[in-house]
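Visitor: Take the two lone chains and join them into the complex the hints point to.
As a plain string of letters, each chain reads:
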Amino acid sequence: MPVNETLATYSDWLYRSALGVYLFAVLLYAVEQAFSRAPRKSEALVGAGAPSVLTDEPKSELTRAERIGRMGAAMTVLGALLHLGSLVMRGLSAGRAPWGNMYEYMSLLCLAAVATWIVLMVKFSIRRLGVFVLPPILVLLFLGGTVLYAESAPVQPALRSYWLVIHVSVISISSGILLIPGVTSILYLLKDRRTDRFPKLPSADVLDRMSYRTTVLAFPLFTAGIICGAIWAEAAWGRFWGWDPKETVAFVSWVVYAAYLHARATAGWRGRGAAWINVAGFAVNVFNLFFINLVATGLHSYAGL
Amino acid sequence: MIAFLRNTWRGLTSMRTALTLLFLLALAAMPGALLPQLSLNAAKVDEYVAQRGWWGELLLKLGFFEVYATPWFAAIYLLLFTSLVGCLLPRTWEYFKQMRSKPVLTPRNLSRMPHHAQAELDITPDEAVERAEKALRGWRMDSGEGAVSAERGFLRETGNLVFHFALLGLLVSFALGKMFSYEGQVIVQADGGQFCNGGIFNYDSFRPGLRVDGTDLTPFCVEIGEFSAEYLDNGQPVGFQADIRYQSGQDLAANTWKPYTLQVNHPLRTDGDRVYLLGHGYTPTFTVTFPNGEKRTQGIQWLPADQLTLASEGATKFDPPGITDSETRRKNQIAVTGLLAPTPLLHGGILTSKYPALNNPMVAVDVYRGDLGVDDGRGQSIFSIDGKMVEQGRLQKVARKNLALGEEIALDDGTKVRFDSVNDWVSLQVSHDPTQGYVLVFAILIILGLGVSLTVKRRRVWVRATRLEDGRTLVEVGGLARTDQAGYGEEFTRLARAVLNEEKS
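First to last, the protein sequences are chains A and B.
Each residue of the first sequence is one higher than the one before, counting from 1 in the UniProt record's numbering.
Each residue of the second sequence is one higher than the one before, counting from 1 in the UniProt record's numbering.
Bound-form chain B, shown alone (with noise of 0.2 Å):
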């Protein structure tokens, strides 16, 4: 039983097993780049799902679109790092003794090192010494009777334990942070809108780590102001940004606002927690004028349809005023949906958009009205109307027109709506993750470990001064580097030539 226990870990800890892992986790890996992912975009792995069938779905249930969150993906690199470990912790051992040990005895033949040298010369054994241990200063030196040993590059090994220890590190900073991290978006209307990050249901979409139940998200809020954009002729789009408050900490007490511009690769870092601009869109707003004479104005955001023109598609849903009977109430309903240009371009009465930015902006409105399904308890898009309604009947489509700003649409029984104005909304996205400072400081030392073990080379030298017969002193010079031996050439060289000269010192 222990010697089943001692060569499974044995095998596990052994280099072949190591590489074996390796190529695994390389090949396991792929799939995330090669198949549509859950965490990247659900939408495309539903399609993807249905458009393969039975194939589909068994690699659903495999995992294949969560490679990263799947059991076979987490046993290999848990299994990589079990490994690892049970390769450093004697590498480690080792390395301590050896730290303490002195280098080892000069071998009986130097001439058999792949660098060799020797002359004979007019001084005495000691004096050859001596010379040698003024050349090899710096070096870890034993010198005895006529002998000298010398090793250098200690530094490799240690930075080697460096890279793989902080590779470690890494790994568990990075999975602390899976535990503990969340991120969140939010659409926040420019001019004025706000958001406070006091729970969950303020955002639009929310995903936590494993630990996170958003009952302690970090307070903070902030409030937009102003959005500009900035563009190329060719609608490209050249800068983004916000000008927004913020208050998190002592100032949601004081109740006071620092200002602060966010924008593209500027995130707004404060008390824990990132808020990024992520995109933004537009918010047309209509009003409509009830056949009572009561009006209801309301903007909700549009989202985009082309990003490269902001042409968006909407729906801005009313409830008709003063009915309290739901069932009146919802053969009253309406909506306005459509297409909003921010510059707009007619061709042949349809309308398009041909650039971001408002310039006389337009809307093709479809007005419809009847029950919107919006009480039925199930949840419904705010960028679109239930096509379920539609079909049944129960929500018709009563009115269709182009409108510019100030224009508006007049239904058959008096109702009329208005296209008042459009603003800017920005995507914000909320982002926490506690661990991730953890995760910079071991990517730094994984640079730093690397760095040193693949550029210093471990090598050793020996001196060995024999005195000959006829007075003079054979001195032998031997080298050896202990990892590879490209480059190592020229400084024995050049240490030779230091202890073999013919002068006198």
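So here's chain A without its partners, still in its complex pose (with noise of 0.2 Å):
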């Protein structure tokens, strides 16, 4: 199937422009974050989820920071609004599922976490913690987008499957999913040995508890895509498991999620050693990520690059 050339540069405008208001996302989230107060011991002790209690002043009148800060979630949105659009024209425009190279792929991923990311600052009340999230988003769309950019084109016969469109997405997503906990681990390692040194963070309990609902909500799903790509292993190579060095990495990264969730109902390692983990197993997923595809080679070295 000839590639629609037209639909594929609209795909690259969105991208390009999703990266724009991400950063500029990130710019209002950050001045929100330098010029808000930090907010007080009552307010900390509550945390996220519970009724806000009556503050001193009207909710309807917003501190110049808060409306700032409103901004960036109303951008970050529209950005991700932006990106969604891009991977549609990239997907009409190759007339297959976009997510057929690393850069599609990371796309993908990315917009999987700026969704997660929406509905935590729905969920909880940490809207400036944009500040943090964001940016290693913009940094995988950043490398995405130059060096490990793809022309829109047909993908080869291996993956000619509707296991793409399963398996990929599903690892795609959940990863992009437990990028959010990543972050929300190391802000909890930071938070927990000084609580007193960054005081405009959310509480430790609440970072805690962010990351353990993300993960716990991505780790069936990332269980559920390496069983998709076993399934589609089994009909495309002959065999559903042969420790290729992605399905190796992809299996050390689900142990160590696995850990986390036992090392988070286990005493003595609740706490500072399941946030330890759970950025564990971020770094293996960025390994698999970037190592896997681009120095190691196996059967899903596909990248096209």
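Hints may be right or wrong, so weigh each one.
Said to hold, decoys possible - The calculated lysine-lysine pairs, modelled on DSSO-like cross-linking and capped at a C-alpha distance of 30 Å, are:
#1 B/Lys317 to B/Lys44
#2 B/Lys295 to B/Lys401
#3 B/Lys44 to A/Lys246
#4 B/Lys331 to B/Lys397
#5 A/Lys246 to B/Lys178
#6 A/Lys246 to B/Lys61
#7 B/Lys457 to A/Lys123
#8 B/Lys317 to B/Lys401
#9 B/Lys397 to B/Lys295
#10 B/Lys44 to B/Lys61
#11 B/Lys416 to B/Lys397
#12 B/Lys388 to B/Lys295
I should point out that these hints are in silico values taken from the structure, not numbers from a laboratory.
Guide: Laid out in structure tokens, this is it:
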């Protein structure tokens, strides 16, 4: 099937716009983070999810910093819409699921991370953390759009399967969701050590809960993604599991996240221990994305650079 | 002694040990992704070891190039396995005990619970209990004198146990699969080539499981018909397919054939075996006319040297006809070696390929004459000539030329070599794994168990109604989520509201 060049160009434009809008959002979050007061003790203790305590000032009168933060959130949503548009255009231009090479895979991964972040912003009152969460996503998007960029094109025979739609999207989305607890766990480790040094961060408890809730959502998805991959491998390569480098590192990362879930239920490992494990899981995922795709040679080396 | 055993067992089955073992497993699996592995690419391992010297030798001895078959890797997962069993057995016991027991008694002080609400209502304690029972329909409940204790979310533990047992089942099936499975590769010529699963000798390479000796393979035959490939303009392949016929089971006795279209991602599944289309390449056919006028025609697969343009290299070997004396025969054997370009590009007499499909293919051949070294009993690659024979001068290059289809090259003794045609070959893989169906079932149970155990929350609600002196009733509601408090608040508020509303029912 021929590639529709016009749509491919639109897709690239949308990608760049999304990147720009995200960057703007980070700046707005940064302004809010820099100019807002640290929450008072009472608010910090109540934490997220609970109905907000009555404050001195009525709700309608937002501070300037808060207004800027809200703009940041709105920009994030706008960026996500543009980002989604870019993926859809890419898919339409190539006439296939838009996650057939590393650039597209990373784009989907980042979109999943941003979407998770938007949901978290609604559920917990942690909007300002955007200044920490969005930058790693921006870095990934930037790398994807420059060094790893690939023109819109059909994929090779081995990838012509409906399992491409299922396996790759599930793995990509779950990896994207897992980016968030990676960041919040790092923040937890910072906050937990010296509570007084990072007064503007949410309480360690809220950060821990955010990490857990997102990991618990992503872990079954990730498991399902690996199993879908095994089913596909059986049809494409003749065996469902063959210790291909990508399979191996996915297994390692699965074991690390399983350890995280267990650590959270083990005395002595709760808190810092668990947070470190989550960060380790994130590190393994990043390693799997870059090192295994770009350096190691295996059956998953489709990268299409 | 018993104390020691008991302590070891307790230590092994504790969560800390399990965690440590999980880390070890993750760590031990890593070298398999970083170092070349014998099971995936043996040649690369040899190269790696040779480059590293004693350090490579050490790694080789310690099994770092076959991580998943080493004793230390096995030790980790067997310990983890034991630890898991030791953890699951008491939990299962506890699970069945709890399933039959009633919800716990209502605690004395409900206001200490993480979730709490109370109100004074104009109803009798019995009415309050009735109301609570109605609101808590579907919960496991135990109501007594002015108090209700209810519990929900038992499925969480169910899912958790299902997940862990399915994990065990998957590991066992996987291990059994490693015993009884086999995998073999073979190259078959298109347009009529046949392969039968009669024994190991029919394969080019064969990797048996630990308990497979190759005598008891399920018989089936395939015959390759037309092979077709489709490419983009830049040479990127779009699709491969081979029209095949196959017979298995009763078809073998009746000698009937069934048609199938073999494609990447669409293996042939027959009688417990699967046949995959792994790759393809070209077979050039040459005719050698010997000085006495006798002709020999041969076509044998050449190996793609460049996956993008399918420029292929190989060696087609001929024995001179009608010579019985092995000494004379060994002086006159002929090998046609060189490069096959499916779509040729000539640049200053140098032949390269610019596209993987066949468009007036050409070959650049070196013709060798002499002793091919095929009689000395050593195995020899079908894709190349024996370099030692050339070094020793027993095999000599006698001609070199670029040939288009139908062109020929004449040797000094009058022998002629003609380039006749090019055909396709396909590389097939036959896989046999009797337990993979079980692995799939356990994998699905793993996802289901995991999903249930991570979404369902185990939670409790207690209601107590006490008659006050003024005739009204104090109704208290307390709630506790046993695993993760998050998300229970809303449900509790709804329940408390239903129990504590002012209206008389």
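Visitor: Assess, step by step, whether the Cα of B/Lys317 is no farther than 30 Å from the Cα of B/Lys44, and give holds or violated.
Guide: holds, 28 Å
Visitor: Is the straight-line distance between the alpha-carbon of B/Lys44 and that of B/Lys61 30 Å or less?
Guide: holds, 16 Å
Visitor: Hint check: A/Lys246 vs B/Lys61, CA-CA at most 30 Å. Holds or violated?
Guide: Holds: A/Lys246 and B/Lys61 sit about 25 Å apart, inside 30 Å.
Visitor: Keeping to a limit of 30 Å between CA atoms, is the pair of B/Lys295 and B/Lys401 held or broken?
Guide: Given pair B/Lys295, B/Lys401 holds - Cα atoms ~20 Å apart, limit 30 Å.
Visitor: Compare the distance between the alpha carbons of B/Lys397 and B/Lys295 with 30 Å, and conclude whether the hinted pair is satisfied.
Guide: Measuring from Cα to Cα gives roughly 21 Å; hence the hint holds.
Visitor: Mind checking the alpha carbons of A/Lys246 and B/Lys178 for me, to see if they're no more than 30 Å apart?
Guide: Holds, at about 21 Å.
Visitor: Would the hint linking B/Lys317 and B/Lys401 be met if the CA-CA limit is 30 Å?
Guide: The hint holds at about 17 Å.
Visitor: Does B/Lys397 sit within 30 Å of B/Lys331, going by the straight-line distance between their CA atoms?
Guide: The given pair, whose Cα atoms are some 13 Å apart, holds under the 30 Å limit.
Visitor: B/Lys44 and A/Lys246 were given as a pair; does the straight-line alpha-carbon distance stay at or below 30 Å?
Guide: Between B/Lys44 and A/Lys246 the Cα gap is close to 18 Å, so the pair holds against 30 Å.
Visitor: Need the status of pair B/Lys388, B/Lys295: alpha-carbon distance at most 30 Å?
Guide: Cα-Cα ~28 Å, so holds.
Visitor: With the threshold set at 30 Å, check whether the alpha-carbon distance from B/Lys457 to A/Lys123 stays at or below it.
Guide: holds, 19 Å
Visitor: Straight-line Cα separation of B/Lys416 and B/Lys397 no greater than 30 Å?
Guide: Holds, at roughly 15 Å.
This entry satisfies every hint, going by the numbered hints stated previously.
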